[in-house]
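Generate the whole structure from the sequences, applying the supplied hints.
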Amino acid sequence: MRKFPMTIIRPLCMVHERDLAAWAALQGYRKQKKLCPYETDSHRSDIKQIFGQLEQLNPEARYSLWNALEQEGKLLE
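Per this note's numbering, the very first residue in the sequence shown carries number 2; after that it's consecutive.
Source of the hints: derived by calculation from the structure; they are not laboratory data. Keep in mind the model is a prediction, meaning the values are calculated, not measured. There are no misleading hints in this set.
Label pairs and their computed distance ranges (CB to CB):
#1 P38 - T8: 21 to 31 Å
#2 L58 - P6: 36 to 46 Å
#3 P6 - L70: 19 to 29 Å
#4 G74 - K32: 28 to 38 Å
#5 G74 - G29: 35 to 45 Å
The calculated SDA-like cross-link candidates involving lysine to any residue, where the alpha carbons are at most 25 Å apart (straight line), are:
#6 K75 - M15
#7 K49 - S65
#8 K34 - D47
#9 K49 - I10
#10 K49 - P38
#11 K35 - D20
#12 K49 - A22
#13 K75 - E56
Beta carbons are placed, not taken as given, at the ideal position from N, Cα and C, and that holds for glycine.
Structure (structure tokens):
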């Protein structure tokens, strides 16, 4: 579903959050406060938990899903 005419680029989507957190700590970055009023209505935490479960079953699950979406042409609109 496309809500607006914009290309979204997510260059870090294949980097694990724990790796980003470790790098941010090494750089001395502070965690940003969450100010988005819609954050409580988001399913991000649910999806994060599901990805965690998938990766426990298959550590390569993230890459398998990415490749499947890419092969189906779902990554580019």
